[in-house]
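Chains as they are written, first to last, in this note's numbering: chain S, 1 to 241; chain U, 1001 to 1109.
Hints are computed from structural coordinates only; laboratory data are not their basis.
One thing to keep in mind: the hints can contain errors.
Said to hold, decoys possible - Derived Cβ-Cβ restraints for the label pairs, each shown as a range: (1) U:Ala1015 to S:Arg107: 29 to 35 Å; (2) U:Pro1065 to S:Trp169: 18 to 24 Å; (3) U:Arg1087 to S:Arg190: 17 to 23 Å; (4) U:Ile1037 to S:Arg130: 21 to 27 Å; (5) S:Gly162 to U:Asp1031: 47 to 53 Å; (6) S:Gln43 to U:Ala1105: 29 to 35 Å; (7) S:Ala237 to U:Ala1105: 38 to 44 Å; (8) U:Ala1094 to S:Leu160: 30 to 36 Å; (9) S:Phe81 to U:Leu1069: 37 to 43 Å; (10) S:Leu55 to U:Leu1027: 19 to 25 Å; (11) S:Leu77 to U:Arg1087: 32 to 38 Å; (12) U:Leu1077 to S:Ala72: 46 to 52 Å; (13) U:Arg1038 to S:Arg130: 30 to 36 Å; (14) U:Pro1035 to S:Trp48: 46 to 52 Å.
Computed from a predicted model, the values in this text were never measured in an experiment.
By construction, the Cβ of each residue, glycine as well, lies at the ideal position given by its N, Cα and C atoms.
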Amino acid sequence: MSSDHVAAPTRAGAFVEGIGDQLPILLGVIPFGLIFGALAVSQGIPGWAAQGLSLFVFAGSAQFVAAELVGAGAPALMIVFTILVVNLRHLLYSASLAPSLRHLPSRWRVPLAWLLTDEAFATTSARLNRGVQVHAEWYMLGTGLTLWSSWQVSTAVGVLLGAQVPAGWSLDFALPLTFMALVAPSLVDRPALGAAASAGVCAVVLAWLPFKLGLVLASLIGIAVGVGLERFRKTVAGVPS
Amino acid sequence: MTLGFWAIVLLGGMAVTYTTRLSFLVLIGHDRLPPQIRRSLRFVAPSVLAGLIVPELLLADGHMPATLLQPRLIAGLLAAAVTWRFRNTWLTIAVGMISLWLLGALLPA
């Protein structure tokens, strides 16, 4: 996290800051896109449809599940329903960013919502958590477009050339590492720590659930634990909640 | 896989995904949420991100491995210590990736 950008004075500055904060995530995302393109083709999906999934759906893990379902011969409506379930966590992202973006006109909020992925949420919420509100829309546009264009290009390369990144490099590990650096500054008090710890444990315990439902449930449990701890703290301190 | 099949998958997949993203940013006024829910939103990022991170460190192919002596877990814990102390993304990635590569070479597969 480059602290020299914290006071992003201009729109262009915020846009560039958004690009910069997305770069470490790309280390993990580009191999992921290559693998998606290659896997989709190996499942018998035409190249244009694989690229279409990246262009239209633009949601990494949902695209992987969709590609597997297509390969297994699932009906179209079931695939659409599965995509919905895998992407339910975006409801949480949308609600979480809404207070900071509500002042913007819809000509901003409608396109920004298009870019609301795990990766864009991680960087944008980390910046807001640092207390930086200025030109949040330009920041999110920069960070979101960086991810969007990398995802399109890496999908296309994966479709055309196959996944050329050796698995032994384990570049996918860069993704949890970056998320770690982004989440650490938000763990400022016991409720936040409790939320993260319980969500982490539950995500492991519930990992057997299909369609990322384990992650959705674990997140809801984490949020509930955070709220509970906060209420408890207020009760102990004698502050009416 | 006909054109109709792909029209449903691509346009339907786009519609449901975009709807979840538009939900509280555009479709449903955030102020229509009860205050209790609004106060809980600060826990979304810690919870979801921890839920994304921890299984990546602990699970191998979706299952709990027999031993905790796993390169990803040890490298992840080292990286967590570095991020806690230095608050630097690139340094966290460097320490995490290098220790993963070293541990992968050192530990029995």
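Q) Which hints, by number, does the structure contradict? A) Numbers 1, 7, 11, 12, 13, in rising order.
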